[in-house]
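We have chain A already, so just place chain B on it with the hints.
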Amino acid sequence: MKNGPVEIISLAASDSIARSGDLVVLVCEAQDSDKDKLSYEWQSSSGDISADRDTALWTAPNKSGYYHVTCKAADGVGASDVASVSIRVVGGIISGTVTNAVNGTVLEGVSVSIGESSVMTNDSGEYNFYLALQGGMYQVAALIDSFCPYDGSFEIPEDHSSSLFTFNFSLSPFPEPGEIRMVLNWGSSPNDLDSHLKTPEIEGQTHHISYSSRGSADFAPFATLDVDDTDGYGPETITIKQSFSGTYIYYIYQYSSSGSFQESGGSIQIYNSPTCDGETIQVPVDGSGRYWYVCDIDGESGDITVINQIQNSEPTN
Amino acid sequence: MNRYKYRTRSIDLILLTIFLILTFTSCLHNYEPVISSIIANPNPAPSGSIVTLTCKASDDDESSMMKNESLEYSWSCAYGEIVSENNDDNAIWIAPDELGEYSISCTVTDQFNGMDISTVDVTVE
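Read top to bottom, the protein sequences are chains A and B.
Numbering-wise (the numbering used here), the first sequence opens with residue 1 and increments by one.
Numbering-wise (the numbering used here), the second sequence opens with residue 1001 and increments by one.
Hints were generated in silico from the structure; no laboratory data involved.
All values reported here derive from a predicted model rather than from experimental measurement.
Please note that a few of the clues may not be correct.
[Unchecked claim] Derived contacts from chain A toward chain B, CB cut-off under 7 Å, selection only:
1. 5
2. 46
3. 64
4. 65
5. 68
6. 70
7. 72
8. 79
9. 81
Ideal Cβ positions, reconstructed from N, Cα and C, are used throughout, including at glycine.
Just chain A, same shape as in the assembly (with noise of 0.2 Å):
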């Protein structure tokens, strides 16, 4: 009487990336020919593994790399199959979308990079890095035809517990001739930030925009509100399209009573037409207060007299 064969019809597993420390569970489906009672062994060269006969708990190691768990199955009778599964381990992802900073609309195809690696971003404007995530910081880029290149960082505090990391940001498309464009981008916390813009006298009157008065394009104060944000991340962006000498004011009010600057990881970039060159302004650590004060632009040159801090008080000319 032959021993008939044993075969692993399959060998899955509940996820093909995980991170680490995450479980993941693995089942391996297994027959044989000639009904033999069969005998499940499992392994891993790492990450612990612990098995209830065609179950098995995997453990993701630290490292993070490409892993191959296998099951084999055996007769107990001279007879047995085996298999493999591919399961990629991370340390941690950093993760985001980027939008179009004047309607706040998600941008497909654009190259993100961070260090020296570089991803895209899908029909949904998200990115995924999969890293080792470890305090400090992290300088970003990314590039789509059409739109200003973007040069921005973000920082992974030290006390970061999560294997997750979220940055989001907005790209600017190029400003047209005479337009000046700031744009704040921040992260979860708080809800609401609003940008608030000062003019000089435009035809004879002082203007201020913001959320509650979003100017126009066509007509004094010719400076708009493109995008309101009111729940994290921005964009939140103010377009000047057509400057007037004097002394333009552009600040940030925490709308939001829960939360502060410091913790918001704000971050503003300011493009100025035609070339994109402008600054960017990262949220100072210091100070107490829900205005942040950004800065002044001559609105005859164009130059940015960068301010950056936070303080009690409207900024006023």
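Chain B in isolation, oriented as in the chain A frame:
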């Protein structure tokens, strides 16, 4: 006396039959191959380098008529491509650019449906 003799023969016959059955079964019992080691060289490996892999396996059918059966090897890697010229116990793999741990598994198969698998992790740094 004769009667006693006859009985002894009967027991002998039964014992002999049992012995023959046992021997026959044991000869037909396949022992699965066992991988004793799988070695990657170099390990750790610099990214872009060629890593040579060697899989050592034996088939323990010492006392049976199935001994010395030939073993077949196959290789799989969790990432990249692994090349083994004649499905033998050697293979090569190119360490990728991305640093990390990479599992490579060797599977060995005997001629009677017995298999074993073993995995080595190569550290790319």
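Tested hints:
{"no.": "1", "hint": "5", "result": "holds, 4 Å"}
{"no.": "2", "hint": "46", "result": "holds, 6 Å"}
{"no.": "3", "hint": "64", "result": "holds, 4 Å"}
{"no.": "4", "hint": "65", "result": "holds, 3 Å"}
{"no.": "5", "hint": "68", "result": "holds, 4 Å"}
{"no.": "6", "hint": "70", "result": "holds, 5 Å"}
{"no.": "7", "hint": "72", "result": "holds, 6 Å"}
{"no.": "8", "hint": "79", "result": "holds, 4 Å"}
{"no.": "9", "hint": "81", "result": "holds, 6 Å"}
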